[in-house]
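Colleague: One letter stands for each residue in the lines below.
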Amino acid sequence: MGIRFVLMVNKQGQTRLAQYYEYLNVEERRALEGEIVRKCLTRTQQQCSFVEHRNYKVVYRRYASLFFLVGVDNEENELAILEFIHLLVETMDRHFGNVCELDIMFHLEKAHFMLEEMVMNGCIIETSKTNILSQIQLMERAS
Amino acid sequence: MALSGMRGLSVFISDVRNCQNKEQERLRVDKELGNIRTRFKNEKGLTPYEKKKYVWKMLYIYMLGYDVDFGHMEAVSLISAPKYPEKQVGYIVTSCLLNENHDFLRLAINTVRNDIIGRNETFQCLALTLVGNIGGRDFAESLAPDVQKLLISSSCRPLVRKKAALCLLRLYRKNPDVVNVDGWSDRMAQLLDERDMGVLTSCMSLLVALVSNNHDAYWSCLPKCVKTLERLARNQDVPQEYTYYGIPSPWLQVKTMRALQYFPAVEDPNTRRSLFEVLQRILMGTDVVKNVNKNNASHAVLFEALALVMHLDAEKEMMSQCVALLGKFIAVREPNIRYLGLENMTRMLMVTDVQDIIKRHQAQIITSLKDPDISIRRRALDLLYGMCDVSNAKDIVEELLQYLSSADFAMREELSLKAAILAEKFAPDLSWYVDVILQLIDKAGDFVSDDIWFRVVQFVTNNEDLQPYAALKAREYLDKPAIHETMVKVSAYILGEYSHLLARRPGCSPKEIFIVIHEKLPTVSTSTIPILLSTYAKILMHTQPPDQDLQRQIWAIFSKYESCIDAEIQQRAVEYHALSMKGAALMDILAEMPKFPERQSLLIKKAEDSEADTAEQSAIKLRTQQQTSNALVLTDQRPANGTPQVNQLGLVKVPTMSNADPSTAEQGLTHANGALTIVDPQPPSTTSPDLLGDLLGTLAIEGPPGPVTAPQSDPRVASGLEGGVDALAIATVEDQTNAVQPIGDIAERFHALCLKDSGVLYEDPHIQIGIKADWRAHQGRVVLFLGNKNLGALSSVQALILSPSHLKIELSLVPDIIPPRAQVQCPLEIINLHPSRDSAVLDFSYNFGTQLVNVKLRLPAVLNKFLQPIPISAEEFFPQWRSLSGPPLKLQEVVRGVRPMLLAEMANLFNSLNLMVCPGLDPNANNLVVSTTFYSENTRAMLCLIRIETDPADRTQLRMTIASGDPTLTFELKEFVKEQLISIPITSRVATPPMAPQGQPLSPPTALLSSDPGAMLAGLL
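Line by line, the protein sequences are chains A and B.
Residues in the first sequence are numbered consecutively from 1, following UniProt numbering.
Residues in the second sequence are numbered consecutively from 1, following UniProt numbering.
Zero decoy hints are in this set.
Straight-line alpha carbon distances no greater than 25 Å define the calculated DSS-like cross-link-like pairs of lysine-lysine that follow:
id: 1; chain 1: B; residue 1: Lys808; chain 2: B; residue 2: Lys772
id: 2; chain 1: A; residue 1: Lys11; chain 2: B; residue 2: Lys22
id: 3; chain 1: B; residue 1: Lys370; chain 2: A; residue 2: Lys39
id: 4; chain 1: B; residue 1: Lys22; chain 2: A; residue 2: Lys39
Hints are computed from structural coordinates only; laboratory data are not their basis.
For reference, chain A alone in the conformation it holds in the complex (with noise of 0.2 Å):
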């Protein structure tokens, strides 16, 4: 299965964008998310970029005001996480030009689009951003 999750959390720990791929209700996500975020947002720049928590890894990334978190099982490379993280990045810059908090905020469906046309099911289904964007383009000149 690879990843669990995907969340992308501001540093006082606001949840700006989350998608399982595993069901659990609210309660356990806001648990989780709360657990998790603690302890990744004490973290400092020195410190490696996973945490274990539980039965998962949470590979994690910053970008400004943003963490980027990823929780995967046993089954995924951490440091290609890691880079798809960025990956993700790079194409919601592409999109939004320089993307940021507010970005995702106010754009949560094309979010959720761009992180749908890379990840399905848990896995990697694209990683070129030309091939991720056209679908995007495609939304926009439908509505």
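Given chain A, put chain B in place with the hints provided.
Modeller: Chain B alone, transformed into the frame defined by chain A:
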């Protein structure tokens, strides 16, 4: 511009963003939910645009962590909208809000199927994505053939096919019985020829799923994988779009090598050669570069290649390259690489023949054990644990012990368990093992579970050579100030059994041993006292010729505990007292414990069973595959002849003692008739039975278990001893006051009254003392109702209040005589001066006929009576919470050993203590925020705030933070709350040492000697 086009949605998001606190956010969200609910009620009036807008709002609210339990139908219905924008929203929101078992999903199956088989490829993509993310059995049954068709269709564009591949993956994973993949091996092989990298990436994931289930069927895919890897590694025919910082899709490379790890071996020599060439290139050609992204991407590939080499068990040369690389990685500064280096080195331990090379890096790994990053420390600990064997156990375990003193709280438990296991498995000699465990208890007693000390006792019992050494060590630890209670237990046990082996050494006479152990008694809890009593009995038995003075002292202790409220203590005291008066019979019955039959260590078993974190498990599994040290067998005076341990240690033979102990001769007899079962010293029964089982194993085998049954109900007492003892065991000795027994449990009554304001405080056949209290701020008015139950008068009635320094209590006059069947009321005025947990004691006595009855009863004028619950809003809470920063006004503690209760139960408990739980203040649902006002003359009204953070995975521990404006109050309240959470209140109270309150005139020493349980209880306060 779907979203930005929805103004209402943007406004809502801004509103939520501008909320100052969680409470405001909740209000805004509730308002919106109400609004959406009403709009959805008359759905007819809704335009698709509005519907879309509301559904997005729902998703947004759901993401914020609020439950959205309506509107699912509307989301699902959008799927069948004819236009793309609505349909798209329907698909995305549905797959976020619903799970595969949701009923509404079935309603959508037809629409989804029509989209999948339709001509519109954007619709196809949307539908495939939904099914790929949340499709369940119904979808598999009706859609699998369609999805398969799409995947292999030549007329389909890659954009649809890559989604079809992952959609099929989900349907197959979830329902392998429904999805027919017969004959798919050829198709998969064809699919792997795909030029489009997107499709190839998805197909590789699908292949992993298929191969992991049945690798035999997919042999033909193996060369294709190698070819793909070659194509990528050599950067042939890789479009620019799929190159990431100059590296051809690192994700596809990683996935391909992952797929290859599911094949047991590569047999075809040509394929094997090509593969090894590629791997060799990766291993040798990956350099550290400046660009972080490029560096990460190339190392992602490199680590996967390492894993693949390990899996293929490649030639020695390649393997040593891998170890060399990992050795380099674990020494670099870059934390990610170091972390992965340690992790992969742990995996590498699985490979045979490399352990020796890994051992060369031991010093480096130990450095990482002290890294500031806990992720790295954990990996280092795991690796050290995994690489430990007989040759390096001493170094590694000593390193772990040293680290233990400075390790953070979160790791101590794991550390101590691992150190204990390694010490047991790889001990070069047994005295070292004893040293390690005793050090462990000394340094981290709180984290040493009972099974660890049970285990050391087993080893000492089973190895005669070890006994004098262990006894000497135990004696040494007892001289240290403030030793941990577990150390008291283990030392007392060992000295009880074997201190006579030390008799000729200075400071080791029976009397000196007794004194040094007895000094610890006031500091230990109820669970330890029975062990100490057994030790005293054994010391007494070993003292030959008898020492009259020692005997008198020990008898005094036994008789004091004969009326102890704790059944286990009482039984032991009564029995030992009776037995020790019997002289020679004592020797038979208290003879040394026989050897324990050897079995698998519960500790190791527990470690194997434990579902600790994932990577740790690999190391544990690894451990079990490896050979255990034979050291523990070797030292059992036998040559290592390869016979299993079980036989060697399992022999229950009568130990021959080095000095001529008169009891030795009779030991055989004792064992034979099994009388030992009854009175042998046993650890208390407070731990779970299976743990006890390990130490008490012999007993269970020799006779039916009965360690905690009451003496009179155990027929074997009579058979094992002579007739008279039976009676002695039940009869109470000397003290007349005991003739009047209280009705009901005094402690229980007290605890009930701590939570309510009226009820019965005490009752016996003659009198009932009721209580009614009224608390206002820092003052209280309590009325005692003394009711004479008899037809005769109670005379010499006396009531004294022993009040702690923080309470000013005035008791009005109590009449000397209570007439028959009468009730007298005695009001008490109480003023709380300052915060304290101590409680006042009522020393009550009366005469009935010739009997003098005296009881000491705690009065329920406890801390929580001076609390008043107060609701607090977020606006008030947060500034207060922040302004009280750090100790001594704000204290935090991790509380372990909490009695497990649901969060709701805990909330009830708090509310019943006048500590008001304020829901909604803490965003984390597993936390409780509590507020209350405390009243005392010194502090006046003072706001107290508490935050409890629980761990749903482990209900026995929590973190508590308490803040108030007064340091004493904060501390006292923290301890008070802790007592409520931990204790099973009735028993733990008894154990409170008498010196705990700071020199208050509370309990005159005579009270301690009284044998009335009530008095004991009060006296020990």
